[in-house]
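*Asks:* As they're listed, the protein sequences go chains A and B.
Just so you know, the working numbering puts 338 at position 338 of the first sequence, and the rest follows in order with no gaps.
Just so you know, the working numbering puts 369 at position 369 of the second sequence, and the rest follows in order with no gaps.
These aren't lab readings, by the way, just hints derived from the structure by calculation.
In this text the structure is predicted, and so the values were computed from the model without any measurement.
Mixed in with the good hints there might be a few duds.
As the list claims (entries may be wrong) - Derived DSBU-like pairs (lysine-lysine); straight-line CA-CA distance at most 30 Å:
no.	chain 1	residue 1	chain 2	residue 2
1	A	K341	A	K317
2	B	K357	A	K456
3	A	K389	A	K406
4	A	K341	B	K357
5	A	K190	A	K111
6	A	K111	A	K462
7	A	K462	B	K357
8	A	K274	B	K357
9	A	K353	A	K462
10	A	K387	A	K406
11	A	K462	A	K341
12	B	K357	A	K344
13	A	K383	A	K406
14	A	K383	A	K456
15	A	K387	A	K341
To be verified - Each pair of labels, with its calculated beta carbon distance range:
no.	chain 1	residue 1	chain 2	residue 2	range
16	B	G60	A	G322	43 to 53 Å
17	A	A349	B	G338	49 to 59 Å
18	B	G70	A	T126	53 to 63 Å
The beta carbon of each residue, even a glycine, is placed where N, CA and C say it ideally should be.
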Amino acid sequence: MPFPLFSQIDPRTMPSHRRPRLLAPLLLIPLLSSCFASGGGGDSGDDGGKGGDGSRLRVALAFPPAENLSPYGADATLLSRLGVTEGLTSLDANGSAAPALAESWRRDGDKAWEFTLRDAVFQDGTAVTPAAVAASLGKATGADPAPAALEGVTLTARGSGDRVVRITTDEPDPVLPLRLSSPSLAVLSKDAYAKGGRVDPLGHATGPFELTEANGATSASLDRFDDYWGGRAQASGIDARFIADGTARANALRTGELDIAEAVPVAQAASLDKETRRDTATTRTTSLLLNASSGTFQDAGLRAAARAGLDTSVFAKDVYEGYGDPGAGVYGPAVTWAEGKRTKPVGRADAGKPDGETVHLATYDNRPELPEVAQVVKQQLEKAGFKVKLTVREYSRLEGDALDGKFDAFVLARNTLLDTGDPVAVLASDYTCDGGYNIAQLCDEGVDRAVADAEKTADTAKRQDAALAAEARILGSDAVLPLVHQRIITGVADSVQGVILDPYERTLVGTGTRR
Amino acid sequence: MRQRLAALVWRVVLAGGLVCGIGLLPWLTHTDPAYTVLKARSAERAPTPEVLAGIRRQLGLDGGPLHVLGDWLGGLVRGDAGESWISGGDVLPGVLQALGASLLLMGVALLVAAVTAGLVCARTLRLGARRRLGGRRAGGTASAVLASLPEFLVASVLATVVGVQLGWLPALGWYGFQWTVLPALALGLPAGAVLGRLLDDLLPGAFGEPWALAAAARGLTGRSIARQAVRRCVPALLPNLGLFVVGLTGGAVAVEQVFDIPGLGRTTLQAALAQDLPVLQAGTLALVLLAVLATAATRLAARLLTGPALRDGALSSLHRPAPPARALPPLLYAAVLGAVVALGLTRDPLALDTGQKLRAPTLAHPFGTDALGRDLLARVGHGALDTLLMAAAISAAALLAGVLLGLVPRVSGPLVDTVNAVPPVLVALLVTAVVGGGAATPALAVGAVAWAPLATHTAALLRQERATLHITATRGLGAGRRYLLRRELLPAVLPPALRHALLRLPGVALALASLGFLGLGAQPPSPEWGLLLAENQPYAERAPWAVLAPAAVLALLGALAVTAAGALRPPRPTRTRVGVGRPADGQAEPAGAHKEPAAVR
Chain A
1 MPFPLFSQID PRTMPSHRRP RLLAPLLLIP LLSSCFASGG GGDSGDDGGK
51 GGDGSRLRVA LAFPPAENLS PYGADATLLS RLGVTEGLTS LDANGSAAPA
101 LAESWRRDGD KAWEFTLRDA VFQDGTAVTP AAVAASLGKA TGADPAPAAL
151 EGVTLTARGS GDRVVRITTD EPDPVLPLRL SSPSLAVLSK DAYAKGGRVD
201 PLGHATGPFE LTEANGATSA SLDRFDDYWG GRAQASGIDA RFIADGTARA
251 NALRTGELDI AEAVPVAQAA SLDKETRRDT ATTRTTSLLL NASSGTFQDA
301 GLRAAARAGL DTSVFAKDVY EGYGDPGAGV YGPAVTWAEG KRTKPVGRAD
351 AGKPDGETVH LATYDNRPEL PEVAQVVKQQ LEKAGFKVKL TVREYSRLEG
401 DALDGKFDAF VLARNTLLDT GDPVAVLASD YTCDGGYNIA QLCDEGVDRA
451 VADAEKTADT AKRQDAALAA EARILGSDAV LPLVHQRIIT GVADSVQGVI
501 LDPYERTLVG TGTRR
Chain B
1 MRQRLAALVW RVVLAGGLVC GIGLLPWLTH TDPAYTVLKA RSAERAPTPE
51 VLAGIRRQLG LDGGPLHVLG DWLGGLVRGD AGESWISGGD VLPGVLQALG
101 ASLLLMGVAL LVAAVTAGLV CARTLRLGAR RRLGGRRAGG TASAVLASLP
151 EFLVASVLAT VVGVQLGWLP ALGWYGFQWT VLPALALGLP AGAVLGRLLD
201 DLLPGAFGEP WALAAAARGL TGRSIARQAV RRCVPALLPN LGLFVVGLTG
251 GAVAVEQVFD IPGLGRTTLQ AALAQDLPVL QAGTLALVLL AVLATAATRL
301 AARLLTGPAL RDGALSSLHR PAPPARALPP LLYAAVLGAV VALGLTRDPL
351 ALDTGQKLRA PTLAHPFGTD ALGRDLLARV GHGALDTLLM AAAISAAALL
401 AGVLLGLVPR VSGPLVDTVN AVPPVLVALL VTAVVGGGAA TPALAVGAVA
451 WAPLATHTAA LLRQERATLH ITATRGLGAG RRYLLRRELL PAVLPPALRH
501 ALLRLPGVAL ALASLGFLGL GAQPPSPEWG LLLAENQPYA ERAPWAVLAP
551 AAVLALLGAL AVTAAGALRP PRPTRTRVGV GRPADGQAEP AGAHKEPAAV
601 R
């Protein structure tokens, strides 16, 4: 009988052979340090040493940069939230255009606007001149694909005099100042466009904070820009981290690793102290869209029956745990002018009698509350007499089918103030025959006409009236049933002051933010 | 030499097929990459034809799939893995960085797993070293429970309790060594429990071998006997360890998410969803290469540990002598599980009452309620049937496929490596591409991966079994290949493979639920167990019972599976077998071993 395992080994010599082998991996430790993420972390406590005034803010953002911080896509919002970039205009609390890099503006005929620049410098030290602004806007119009704010618009910008930028459009554009407030139309200096095609905002923007380092989708460092036209920021810089998981953001805030955590999920809000969670109404409305051109809800009577069967009060109160307002219309309370001007829905059909018709309901799980909303909707519709089948997928696996009208009903959280800042834009894209995002498949002559009327109106107040008249028609069709207007929860550590809670989610940190 | 060459060619063919499969994925699934890339860049952007055309121009998609693939392969030859379709940045540095983080995490997790496995086997080792193993059955309940705990649950609990509430270790980030501890625990504990159970399964056999008896008789310490027993058994587990190395590197998505680690799992997941093909191809290729390295390393280690015995067919059989089965624990677990399910079935799992949200357990709701005020007992009970049937069916199929393919290791080895290296989401997408999005797709997607560890285990056991003396002897007596396979090899290999399959059954249930976001598998409001866990995870801190209930039944299922498998162990008929040690009598001193009847002829 052989003892192959046993005979080769002298037990007494074993340990001395083994130990060095076990220790060898320890020699690798210095090499391993490159496997860790750079920047951020618990080390950035008080960084008061720099200049002796103001400490750095530690901020967690929910969405990592998708396109290397290119200003033409979704990353633009990220740059503007951190106070890096600015456009010619910005949005004020009422949703109208407010001065930013442009001090004032005036319309010159149907197709031209003139913006007078303020005295400002880029973070690389060059002056913000009409030529630089015109060049920057020119690059944005030439981007492929074009920024969302410029969709369907052709504009030319040109310097005129030493303070004025003249912008002309091919078609009359009454909302141009609103449009220019879009983060994707931020003004960058000439050097930002040096490398072929790529736009590099590092040190080339005009905001109160200058981006000094970007570590891909992990973190970014920003320093205060001392020559900002609006005065020096109180915080000496920002350490931004991109943490996609909502629970992780809340946890980091609770351990004191962060000063500000963006978009804390409703489920985690209760784990934060009452003073730490700040909520603000947003322009995001969660609605139930009913497919008006095919399937069960083609019948306006059944759509009305679905509306009658829904009890929208539970969504804000229970599913959103109070971090929401009951659905009132397409626009929520964050659109401040809407409430006072809203009129009754026009042309509602009488509720029919559902008799076990099947409804294919769909929603997505990228926002964790939506599957819960959809399950409540499912139960309420079933009580009303429908048979409901629910589908939940990741958004990008769902949207195509939704736009093709493959579902009867869809729970959607929609930002009602799109990149253009124009309240009419969402109506045109979501509820007209030619709309690019018409999940409700609504194609109604009355609605189309009302929306077209609103689009043509230039005067702000009248445009708002026209938008609400169109909203009344859209609600009258029962193709959209507003469920809840979301409030966004921002986690803010006790010591931090001056965080900007922006209903349009375009700003977060400003000159007055400090800890 | 020729065999090696064939294996190499087979490997290259598989890797090439995989890369080409990924390259053709959008065209196979009819999902426009311009569209998914747009959504990854900016979810709110309306996909108008102009925007999509712009992206297509930017990515150079107009030339069709072959053109795109050819360009990428051409670049790869020059060491350029292309540019990410989403960000436009270079792929290679990003993937390498993510790989570095993942490898480090995996390394620490393996350390944790090794310690865990050691603890799981501690009892067997201690008893074995004292030669008191005979007649005692390993418990296995604790380790089975640990093995069935979902990683994401362990991760959330560790982050919240240790990281936030106690503040002992950082709760998230990836900046230094103290940041590696909690994620490594979350990954290593379940993995260690699986490996520990497999090892624990083999150890009694090793202790029962004649050399152990002789060593004890010669007066060697129990410690060194135990060490040699471990050394004897580890080679059979090494291939599975290799799978864990690759699986933990590329598949730690949930843990990376909870602890915010910039690892390869998240990178490939995002790339798979957005169809960012260059990143996906580079990431998968890196994992496949890692798998090749891991396999080579485990093979080398097995050779070093087993030595020439393997080549010379001089091993003795590692059959664990069958001690009397204890039927009590499995009966108990089955009774509890049955009672929970029966009670739950009498209630309504879908009745919502949002006013009763997240209520703690009371008489009216013995398991509490979930975020929508549904009764958790009802949901657990009603979910049992779906979960169990589906998971059991997949496990059975995986076992069959695993054992069959494990019999032909030369074909299946590289296949296992490749399949195991592919991120699970990608497997699901590829399966969907081939068979479409039918009802059986999720089962196929999970089954496509689930067989791999079983095949590896079978192959490793078979390799050892073929090298045993009794096989040589049986062959010498004129037995044909079929006889050998049917009467000697399969009976030796099947029981451990079956126990392994049962150990992984809860994992299969979880894997099924994790495909839900692709629109595959159970959809809300179905009370399927994996789904229950996933939908209640965000509330784990506020309403621990909401995750505890499904986790507990899953753990109970794991314990039931493992203990029942032990009880199912067929009593071995007395058969001519060379080199099989009889169980050492429990009370017998080593010196008394000579009293044993001569089973060793």
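*Asks:* Mind checking the alpha carbons of K389(A) and K406(A) for me, to see if they're no more than 30 Å apart?
*Replies:* 13 Å, holds
*Asks:* Can the restraint linking K357(B) and K344(A) be considered satisfied, given a maximum Cα separation of 30 Å?
*Replies:* 34 Å, violated
*Asks:* For a C-alpha distance cap of 30 Å, please report whether K341(A) and K317(A) respect it.
*Replies:* 25 Å, holds
*Asks:* Holds or violated: K462(A) and K341(A), Cα atoms, limit 30 Å.
*Replies:* Roughly 11 Å between the alpha carbons, so the hint for K462(A) and K341(A) holds.
*Asks:* Within 49 to 59 Å or not, the Cβ separation of A349(A) and G338(B)?
*Replies:* 52 Å, holds
*Asks:* Hint check: K190(A) vs K111(A), CA-CA at most 30 Å. Holds or violated?
*Replies:* 27 Å, holds
*Asks:* For K357(B) and K456(A), compute the direct alpha-carbon distance and say whether it is at most 30 Å.
*Replies:* 48 Å, violated
*Asks:* Using the C-beta atoms of G60(B) and G322(A), is the stated range 43 to 53 Å upheld?
*Replies:* 50 Å, holds
*Asks:* Is the Cα-Cα distance between K341(A) and K357(B) 30 Å or less?
*Replies:* 36 Å, violated
*Asks:* Would you check the hint for K274(A) and K357(B), treating anything up to 30 Å between C-alpha atoms as holding?
*Replies:* The given pair, whose Cα atoms are some 20 Å apart, holds under the 30 Å limit.
*Asks:* Below or equal to 30 Å on CA atoms is what counts here, so check K387(A) against K406(A).
*Replies:* 17 Å, holds
*Asks:* Measure nothing beyond the straight line between the CA atoms of K462(A) and K357(B); if it is 30 Å or shorter, mark the hint as holding.
*Replies:* At roughly 44 Å apart (the allowed maximum being 30 Å), K357(B) and K462(A) break the hint.
Going through the hint list in order, the structure does not satisfy hints 2, 4, 7, 9, 12, 14, 15, 18.
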